[in-house]
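Colleague: One-letter residues, chain by chain:
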Amino acid sequence: MIKTPAWIQIERRPSPSGWTVFAISVVAILLALIVAGLFFQFYGVSALRAYGDIIKGAFGSRLGLTETVRRMIPLLVIGVGLTVAFRALFWNIGAEGQLLMGAVVASGIALFSGLPDPLLIPAMFLGAFAAGALWGIGPAILKAKLGINDVITTLMLNYVAIYVVHWLILGPWKGPTMRGFPYTDKFPTAAFLPMLGGTRIHLPTLAIGLAGALVLYFVVKKTRVGFEIRVVGENPDAAKYAGISQTKITVLAMVISGGLAGVAGVGEVAGVHHMLLNPSSIALSYGYTAIIVAWLARRNPLAVILTSFLFGVIMRGGDVIKISLGLPFQLVNVFNGLILFFLIGSEVLIRYRIRFGTVKETS
Amino acid sequence: MASKESVPLAVQLSGIVKRFPGVVANDGVSLIVARGEIHCLLGENGAGKTTLMRILYGLYQPDDGEIFLHGKPIRIPSPRAALDHRIGMVHQHFHLVPTLSVEENIVLGLSEGTGPFLRFKKTRQKLRRLADEYGLDVDPTAKIWQLTVGQQQRVEILKALYRDADILIMDEPTSVLTPQEVDALFGTLRTLVEAGLTIIFITHKLDEVMEISNRVTVLRKGKAVATVNTDESSKAELARLMVGREVVFRVEKKPPQLGEKILHVEDLHALNDRGLPALRGMSFDLSGGEILGVAGVSGNGQHELSEVLTGLRKATKGKAILGAHDLTQCSARTIADLGVAHVPTERIRVGTVPSMSVRENLILKSYRSREFCKWSILDERAAHENACRAIKEYEISAPHDGTPVGNLSGGNIQRLVLARELSGSPKFVVAAHPTYGLDVGATEQVRVVLLAQRDRGAGILLISEDLDEVFQISDRVLVIYEGQVMGIVRAEEANLEEIGLMMAGSYRQAVAE
Chain A
20 MIKTPAWIQI ERRPSPSGWT VFAISVVAIL LALIVAGLFF QFYGVSALRA
70 YGDIIKGAFG SRLGLTETVR RMIPLLVIGV GLTVAFRALF WNIGAEGQLL
120 MGAVVASGIA LFSGLPDPLL IPAMFLGAFA AGALWGIGPA ILKAKLGIND
170 VITTLMLNYV AIYVVHWLIL GPWKGPTMRG FPYTDKFPTA AFLPMLGGTR
220 IHLPTLAIGL AGALVLYFVV KKTRVGFEIR VVGENPDAAK YAGISQTKIT
270 VLAMVISGGL AGVAGVGEVA GVHHMLLNPS SIALSYGYTA IIVAWLARRN
320 PLAVILTSFL FGVIMRGGDV IKISLGLPFQ LVNVFNGLIL FFLIGSEVLI
370 RYRIRFGTVK ETS
Chain B
285 MASKESVPLA VQLSGIVKRF PGVVANDGVS LIVARGEIHC LLGENGAGKT
335 TLMRILYGLY QPDDGEIFLH GKPIRIPSPR AALDHRIGMV HQHFHLVPTL
385 SVEENIVLGL SEGTGPFLRF KKTRQKLRRL ADEYGLDVDP TAKIWQLTVG
435 QQQRVEILKA LYRDADILIM DEPTSVLTPQ EVDALFGTLR TLVEAGLTII
485 FITHKLDEVM EISNRVTVLR KGKAVATVNT DESSKAELAR LMVGREVVFR
535 VEKKPPQLGE KILHVEDLHA LNDRGLPALR GMSFDLSGGE ILGVAGVSGN
585 GQHELSEVLT GLRKATKGKA ILGAHDLTQC SARTIADLGV AHVPTERIRV
635 GTVPSMSVRE NLILKSYRSR EFCKWSILDE RAAHENACRA IKEYEISAPH
685 DGTPVGNLSG GNIQRLVLAR ELSGSPKFVV AAHPTYGLDV GATEQVRVVL
735 LAQRDRGAGI LLISEDLDEV FQISDRVLVI YEGQVMGIVR AEEANLEEIG
785 LMMAGSYRQA VAE
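So the protein sequences, as listed, match chains A and B. For the first sequence, the numbering used here assigns the number 20 to the initial residue and increments by one for each residue that follows. For the second sequence, the numbering used here assigns the number 285 to the initial residue and increments by one for each residue that follows.
Hint data in this document are derived by calculation from the structure and do not stem from the laboratory. Errors might be hidden in some of the hints.
Facing chain A, from chain B, some residues (calculated, C-beta under 7 Å) [what the hints assert, rightly or not]: (1) V307; (2) V308; (3) C614; (4) A616; (5) R633; (6) S639.
Lysine to aspartate or glutamate pairs mimicking EDC-like chemistry, simulated, CA-CA at most 20 Å apart [said to hold, decoys possible]: (7) K241(A) <-> E669(B); (8) K505(B) <-> D557(B); (9) K259(A) <-> E417(B); (10) K538(B) <-> D759(B); (11) K259(A) <-> D569(B); (12) K537(B) <-> D551(B); (13) K603(B) <-> E630(B); (14) K240(A) <-> E766(B); (15) K507(B) <-> D311(B); (16) K598(B) <-> E664(B); (17) K240(A) <-> E669(B); (18) K241(A) <-> E664(B); (19) K240(A) <-> D663(B); (20) K241(A) <-> D685(B); (21) K240(A) <-> D685(B); (22) K241(A) <-> D455(B); (23) K241(A) <-> D663(B); (24) K489(B) <-> D752(B); (25) K240(A) <-> D557(B); (26) K259(A) <-> E669(B); (27) K164(A) <-> D557(B); (28) K598(B) <-> D256(A).
Using C-beta positions, here's what the derived DEER-type ranges look like [stated by the list, open to error]: (29) E664(B) <-> L189(A): 47 to 57 Å; (30) M175(A) <-> S615(B): 55 to 65 Å; (31) R617(B) <-> L165(A): 46 to 56 Å; (32) P141(A) <-> S615(B): 35 to 45 Å; (33) S36(A) <-> R774(B): 47 to 57 Å; (34) T600(B) <-> V353(A): 50 to 60 Å; (35) N352(A) <-> G623(B): 49 to 59 Å; (36) L165(A) <-> S615(B): 18 to 28 Å; (37) S36(A) <-> P292(B): 31 to 41 Å; (38) M175(A) <-> S790(B): 34 to 44 Å; (39) D368(B) <-> Y371(A): 18 to 28 Å; (40) L189(A) <-> G690(B): 33 to 43 Å.
The beta-carbon is built from N, C-alpha and C at its ideal position, and this holds for glycine as well.
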């Protein structure tokens, strides 16, 4: 038999303020860092030293900072899109696959379209947006029309996308100049994204991410479509009652979300690798990490700028601990998992507050 | 009997205070219930009756005050603790698992000391004993969904008795019953009291208080205003205590100015959410300037009817002609644009977006119009002005128009829904349970507003389980039973007994006009 002790009271928090949400999120991250620190200790590395190295590695030098931003770019572009899908109550777990399909179409255009040089990059972005959007629309229609679970369909399509890439780089698109390695040929230089001088920061993608954050913030807050998205997301029954088509809104949200994930794919193949290669080297779980990015931002596109930077730091931290401490890069996934874990746990504290001591105040 | 000092006390609540954000639900309430009586807790919706009983049942913790049981101070941290103290509660909305059997529901949550397996032999013996003792007969193997509402309520009572409750709290137990089922329930309650139980009976219906209770405590705005012996009181006195002023039992109603026929419904069929027939060939007409009340026990197709007429549910057969359009072929949006207003049954879950602001909720249906939307961008100033107008005209009490609707009281949410729905001078209004859960002031306002719409020339379909309401403001009354029209009568010519029989499905009007 479970009894709540008399000195603990749990009650509803009527409308949590922005500061409450912020403070609780920060506490959740700190708790995750503390628990992650235990893992460093298990490896025989002082957690303090590891965090010191990570901070130094992420901010301490020009190289470190620019690498952090490079990691941030795909998280920003995808995360901004995901906020829209999540607002429309569509659980898009498929950004990883949408990113890969964007990368595939961009690579195809770069290698085989024969377009004149100045048109190449715009065509790659448009094509990748369309590819990501198409990859996302399927699950949206299935959910709206047949009620098929969006988490499952979007997740499964990730694997389809992974095998599409495998097939292409091992089969029809395998580069003749690559001496048997499973890569496509290198893109023509006209298909290389312009970089911030001497860094690996690909500017067009960064610009799309930042502009996307601003535009989508405006769209969600101020426009007719944004109003419809919010109504569908906050109360689907009221949306139906108000005559708002849930199908239309869900598909639209997934065009935005999938399309932006596709754009992130252009950044990786045309900005970093300059070829299509092993899917796990292209995507690096950006699609999954961006879920946490969007969630930590509480589905606010502007806040994604901040949270994607934070996760840029964490991913950069993975590089650092690999190089300077000799620990596996995969520890980053432990970090991400812990942060998501504590973040979801903290949701309860946003909606409820816990009071200690029996309440006998007089007012 | 209660006036004598020697009568043993069952429950004594003293100075109970319970605050919720923005309201004091119980403001120093004291209540004394003697052993072996039926004690009514009378008050309007929102007076704090249910909150007080939820405190006694351990669902809420009081912010202040004390609880005594049989003279001893106790603390009730959970419903389980309440049951340990032999206090049981039958909620207004039943807590049963529809797909499980009666006996499974009854033992749910109990550890019978049989290890991981359920054995129903002892359960059945005890149920048999309870059935014999109190006349509460239910087939223990029947599934809950197969039972009528009255039988389900019996299961809830059995659940409490099975846990050896000797104090039974009944929260508005008659709101879902037909008049005949109410009689049966009252018989059961009398048997229970004769067997020594104590019953606390929450209600806002004066007739029930007069019929069933020994004593009655009246709550008003979170305070206990009086406790009286029922046979020394009168309906008028109780009403005055409940509302705090003399009560006019009727709102002003002018004779109807019938306009032309606006709605023609013919042989309408539809399914419910479970895919079973809910409407089975309904036909009726509605004129402008008329209120057609739909009376019936809940769950007889009223909800589906309102949804079909507003485009939220597909009809499987039949038509509903409004002007040049067949509503069964139109989308919810088209129907709204045709000038059909809908005050939905579940005003919070369906009629509003609780997390969004008053301002945004007020344009939930008109946000696309030129007034509020230019070049796809919402005009916040126009929305704000609209909100200020509505707040003033409908007396919506909200701190400001940016307040989330979820923070408003039920009455204010309903005012908001009405303000929005009636803003475009609709020609046809579907109002489902428009005053359910509202206090007397808000109820009166809603009825006046609906009558004003009728006098303006709108046709109104009023769906309500409150028979008094139906008769008070309708011009004609349609009785619905299992998705069929049992009869349509003029409100002033109606015979309550006949209506009751029609609601129970045992009588059908010979000729519908």
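Colleague: Assess, step by step, whether the Cα of K241(A) is no farther than 20 Å from the Cα of D663(B), and give holds or violated.
Modeller: Holds, because 8 Å separates the two Cα atoms, which is no more than 20 Å.
Colleague: Note whether the CB distance of D368(B) and Y371(A) lies within 18 to 28 Å or breaks it.
Modeller: 26 Å, holds
Colleague: Hint check: K505(B) vs D557(B), CA-CA at most 20 Å. Holds or violated?
Modeller: 38 Å, violated
Colleague: Please verify whether K259(A) and E669(B) have alpha carbons no more than 20 Å apart.
Modeller: 26 Å, violated
Colleague: Can the restraint linking K241(A) and D685(B) be considered satisfied, given a maximum Cα separation of 20 Å?
Modeller: 16 Å, holds
Colleague: Hint validation: S639(B) versus chain A, beta carbon distance must be below 7 Å. Holds or violated?
Modeller: 5 Å, holds
Colleague: Between K240(A) and D685(B), does the CA-CA distance stay at or below 20 Å?
Modeller: Roughly 16 Å separates the two Cα atoms, so the pair holds.
Colleague: Are the Cα positions of K240(A) and D663(B) separated by 20 Å at most?
Modeller: Holds - the C-alpha atoms of D663(B) and K240(A) are around 12 Å apart, at most 20 Å.
Colleague: Per the CB criterion, is V307(B) less than 7 Å away from chain A?
Modeller: 11 Å, violated
Colleague: Quickly compare the C-alpha distance for K241(A) and E669(B) to 20 Å and report which way the hint goes.
Modeller: Given that 20 Å is the threshold and the Cα spacing comes to 17 Å, the pair holds.
Colleague: Indicate whether the distance between the beta carbons of S36(A) and R774(B) respects the range 47 to 57 Å.
Modeller: 56 Å, holds
Colleague: When you take the CB atoms of M175(A) and S790(B), is the distance between them in 34 to 44 Å?
Modeller: Given range 34 to 44 Å: violated, Cβ gap about 55 Å.
Comparing the model with each numbered hint stated earlier shows that hints 1, 2, 3, 8, 9, 11, 12, 13, 14, 16, 22, 25, 26, 30, 31, 37, 38, 40 do not hold.
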